[in-house]
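Given only the sequences and the hints, what does the whole structure look like? Please build it.
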Amino acid sequence: MAKRDYYEILGVARDATEDDLKKAYRGQAMKLHPDRNPGDAKAEAAFKDLNEAYDVLKDSEKRAAYDRFGHAAFEQGGGGGFQQGNPFGGGAGGFADIFEEMFGGMGRGGQRGGRPSGRGSDLRTGVEVTLEEAFSGVRKTIRVPTSVACEACSGSGAEGGTANATTCPTCQGQGKVRAQQGFFLIERTCPTCGGAGRTIKNPCKVCQGAGRVQRERTLNVQVPAGVEDGTRIRLTGEGEAGMRGAPAGDLYVDVGVKPHPLFQRDGNNIYVRVPLRMTQAALGSAVDVPSIDGGKQRVTIPAGTQTGDQFRLRGKGFVVLRSAARGDMYVQVSVETPQNLNPKQRELLEAFESEAVKGGKHSPEHEGFFAKVKEFFDGFGGR
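The opening residue of the sequence shown carries number 1 in our numbering; numbering runs sequentially from there.
Please keep in mind that the hints were generated in silico from the structure rather than gathered at the bench. Some clues are possibly wrong.
[Unchecked claim] Quick list of in silico lysine to aspartate or glutamate cross-link-like pairs, DMTMM-like style, CA-CA up to 20 Å: (1) 140 / 228; (2) 140 / 229; (3) 58 / 128; (4) 344 / 328; (5) 258 / 132; (6) 258 / 228; (7) 58 / 132; (8) 316 / 288; (9) 176 / 35; (10) 140 / 293; (11) 372 / 328; (12) 296 / 132; (13) 296 / 328; (14) 42 / 8.
[Unchecked claim] Cβ pair distances, simulated, as ranges: (15) 336 / 290: 16 to 24 Å; (16) 61 / 260: 22 to 30 Å; (17) 72 / 312: 25 to 33 Å; (18) 341 / 220: 54 to 62 Å; (19) 380 / 68: 22 to 30 Å; (20) 71 / 154: 36 to 44 Å; (21) 254 / 132: 18 to 26 Å; (22) 142 / 313: 30 to 38 Å; (23) 40 / 71: 21 to 29 Å; (24) 315 / 220: 28 to 36 Å.
C-beta: ideal position from N, C-alpha, C; glycine also.
Given below as structure tokens:
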């Protein structure tokens, strides 16, 4: 069954402002919240869809991706892919984060993103690639300062392991505590154990009981062929280590593509500007044009080619992400006017111009333009 449009779910127009989105979300969230509809599976499903829609549209980057690609922008699975938050937590922009932003007091122990108790923070870094690397794909090595599991206590936070860890008396080992706020049941990270579910009598001397220490990690990230400037890649579990053995967060890598001296990219198509001598354009010629893969493409220039004409080379552009399709390459022509003429060259051009003025149809656009100019002024003279 096809997923409903996110704008339709929220009941807003596609040009809705942030305030419009928030107002629409808040109104529907009040009606559909499970606490107000106990045992209503239909309302629960609608509430989940509502949070998913708002999670995407309230984030400018996610919204731009959704506007361009629809639901396909968030269908990447597995260990790496494009960012999409979980509306019930487990990533930046989760359900608890939304309610904390709107109603206040609904975060999880001060941790960002409504992540599960003790889960490590998500991290963000960047990597820059050349246009050639974006075309073919490349594996890049990045260095990320982050928190990693403490080796001395194996991430438990306890001196000598978990032997001196006891069940937290506040949350009874759940890592969470609940409180009623109006008709909402608020779930928070336990303030006593920080979400770990246990307390430590003798904390590890290396990590002071946190179960993690600061280190700089070296990671490899695969930048896929066809990646665009601004694409965000997710590396699951490569973020900050969790507290006392809790799961690690995710690492988000923002890809930047450097400008190229010869090529310009537009979506999956690529453009190259080729200057031609006047004689090449007038008489016709064949030119070798570089392609982004490092090869050459021979392009036949027909006689009479004008500035602005372009020639299409099918399938020589960028691959389309998650598809076998490819864009095209366009060769854009610019005809150069000769400079620094010697006397003989000037004499030849003057002779050519003299013949052209006598009635030769060498410049149809030129002649057509000035014929219209004459008609324009004649119209004024006849008044």
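Each hint, compared with the structure:
1. 140 / 228: holds (16 Å)
2. 140 / 229: holds (15 Å)
3. 58 / 128: Violated - the C-alpha atoms of residue 128 and residue 58 are around 27 Å apart, more than 20 Å.
4. 344 / 328: The hint is violated at about 43 Å.
5. 258 / 132: Roughly 10 Å between the alpha carbons, so the hint for residue 258 and residue 132 holds.
6. 258 / 228: holds (11 Å)
7. 58 / 132: violated (34 Å)
8. 316 / 288: Judged against 20 Å, a Cα distance of about 15 Å means the pair holds.
9. 176 / 35: holds (19 Å)
10. 140 / 293: At roughly 19 Å apart (the allowed maximum being 20 Å), residue 293 and residue 140 satisfy the hint.
11. 372 / 328: violated (37 Å)
12. 296 / 132: Within the cut-off at roughly 14 Å; holds.
13. 296 / 328: holds (15 Å)
14. 42 / 8: holds (17 Å)
15. 336 / 290: 16 to 24 Å: holds (19 Å)
16. 61 / 260: 22 to 30 Å: holds (24 Å)
17. 72 / 312: 25 to 33 Å: Taking Cβ atoms as reference, residue 72 and residue 312 lie about 26 Å apart, which means the hint holds.
18. 341 / 220: 54 to 62 Å: Holds: the Cβ-Cβ distance is about 57 Å, inside 54 to 62 Å.
19. 380 / 68: 22 to 30 Å: violated (50 Å)
20. 71 / 154: 36 to 44 Å: Taking Cβ atoms as reference, residue 71 and residue 154 lie about 41 Å apart, which means the hint holds.
21. 254 / 132: 18 to 26 Å: Roughly 19 Å apart at Cβ, these two residues keep to the hinted range, so it holds.
22. 142 / 313: 30 to 38 Å: holds (34 Å)
23. 40 / 71: 21 to 29 Å: Given range 21 to 29 Å: holds, Cβ gap about 25 Å.
24. 315 / 220: 28 to 36 Å: Roughly 30 Å apart at Cβ, these two residues keep to the hinted range, so it holds.
Going through the hint list in order, the structure does not satisfy hints 3, 4, 7, 11 and 19.
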